[in-house]
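Sequences are here, hints too, so could you generate the full structure?
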Amino acid sequence: MATVGSGDYRYELVPSWPNLPKYWEMGLASDGAVNSKDEVHIFSRGLHPVTIWDTDGNFISSWGEGTFSANPHGIFIPPNDNVWLVDRDFHIATEYTPGGQEIRTLGEKLAPSPSFQGMPFNMPSGLAYAPNGDMFVSDGYGGHRVHRFDSEGNLIKSWGKEGTGPGEFALLHNIWVDSRSRIFICDRENDRIQIFDADGNFLEEWTDVVRPGDVYFLNDLVHVIESGPEGGVSIWDLDHNLVTRWSCNEPSPGTLLGGHGICVDSQGSIYVTEIGQGQRVTKFQKL
Numbered sequence: 066m067a068t069v070g071s072g073d074y075r076y077e078l079v080p081s082w083p084n085l086p087k088y089w090e091m092g093l094a095s096d097g098a099v100n101s102k103d104e105v106h107i108f109s110r111g112l113h114p115v116t117i118w119d120t121d122g123n124f125i126s127s128w129g130e131g132t133f134s135a136n137p138h139g140i141f142i143p144p145n146d147n148v149w150l151v152d153r154d155f156h157i158a159t160e161y162t163p164g165g166q167e168i169r170t171l172g173e174k175l176a177p178s179p180s181f182q183g184m185p186f187n188m189p190s191g192l193a194y195a196p197n198g199d200m201f202v203s204d205g206y207g208g209h210r211v212h213r214f215d216s217e218g219n220l221i222k223s224w225g226k227e228g229t230g231p232g233e234f235a236l237l238h239n240i241w242v243d244s245r246s247r248i249f250i251c252d253r254e255n256d257r258i259q260i261f262d263a264d265g266n267f268l269e270e271w272t273d274v275v276r277p278g279d280v281y282f283l284n285d286l287v288h289v290i291e292s293g294p295e296g297g298v299s300i301w302d303l304d305h306n307l308v309t310r311w312s313c314n315e316p317s318p319g320t321l322l323g324g325h326g327i328c329v330d331s332q333g334s335i336y337v338t339e340i341g342q343g344q345r346v347t348k349f350q351k352l
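With the sequence shown counted from 1, adding 65 to any position gets you our numbering.
Incorrect hints may appear among the rest.
Unchecked claim - Here are the computed distance ranges between Cβ atoms for each label pair:
(1) D73 x G230: 34 to 44 Å
(2) L112 x G72: 37 to 47 Å
(3) L220 x E269: 24 to 34 Å
(4) Q332 x A67: 12 to 22 Å
(5) E217 x G164: 17 to 27 Å
(6) A176 x K87: 31 to 41 Å
(7) D119 x Y88: 16 to 26 Å
(8) Q166 x D215: 17 to 27 Å
What the hints assert, rightly or not - With a straight-line cut-off of 27 Å between C-alpha atoms, the simulated DSSO-like cross-links for lysine-lysine are:
(9) K102 x K87
(10) K222 x K174
(11) K102 x K351
(12) K226 x K174
It is worth saying that the hints were derived from the structure and are not from the lab.
All residues carry an ideal CB built from backbone N, CA and C; glycine is no exception.
Below, the structure is given as structure tokens:
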């Protein structure tokens, strides 16, 4: 089987993950997240939007059929194992129980804020929690803003605008908050990750990534899916030191066809969700 990575971070491609039920198709796999039970949740643009699998790829359950727009985008699972889903074209972020019961919604369905006007939301892409429970949403395709909410869902502040300078965005494609309460933004079309403090002050940017589509943190390691022609997976520490990297654009086992999202289980194995030609999830098992 194909192996990738280097040093202590080597991975083996797992063919045909997951084991789809008979007659099922994954559809455009937009994003993934893993809960405290190591159940892998895939948010896809298909007939079964939320599918749940064990790490061996065995089907557990699905929910959300008929609930989302044609372009659901981001998924985030906080420590309580509830599930946040960000629906780009419905302009909302919604929290669900692990079994799919709606709890609350940020934003108003099918009521986008005017582009570039600063209020939530206009085609949001992702959501993440800070260590103190505050929530940050990347208002990615239309808003070009970051929105900070308290744990009750009250808007605290927003920042950002369209552009290429610090604190400006071409496309906020996803978001994460690290253990230091720093906000990592995948500014995909600007080929960089921008990092801010919780108040929106610009700290630094990582420009040695190619169209970063998503970030996922495990044990203070930053896992990035890069979606450009030379794209693949890169892993960094919090101080921007490269741990390992591999390109997956060659026509061989492990090729990523439209890598869009990334998540990591407790053992360090990586799952890449693919749209475009891929319409699948690719697993790299940590060795």
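We went through each hint and held it up to the structure:
1. D73 x G230: 34 to 44 Å: At roughly 37 Å between Cβ atoms, G230 and D73 fall inside 34 to 44 Å, so the hint holds.
2. L112 x G72: 37 to 47 Å: Because 41 Å falls inside the window, the suggested range holds.
3. L220 x E269: 24 to 34 Å: holds, 26 Å
4. Q332 x A67: 12 to 22 Å: holds, 19 Å
5. E217 x G164: 17 to 27 Å: holds, 23 Å
6. A176 x K87: 31 to 41 Å: Once the Cβ atoms are compared, 40 Å apart, the range 31 to 41 Å for K87 and A176 holds.
7. D119 x Y88: 16 to 26 Å: holds, 21 Å
8. Q166 x D215: 17 to 27 Å: Once the Cβ atoms are compared, 23 Å apart, the range 17 to 27 Å for D215 and Q166 holds.
9. K102 x K87: Between K102 and K87 the Cα gap is close to 25 Å, so the pair holds against 27 Å.
10. K222 x K174: With a Cα-Cα distance of about 21 Å, the restraint between K222 and K174 holds, given a limit of 27 Å.
11. K102 x K351: holds, 18 Å
12. K226 x K174: holds, 23 Å
This entry satisfies every hint, going by the numbered hints stated previously.
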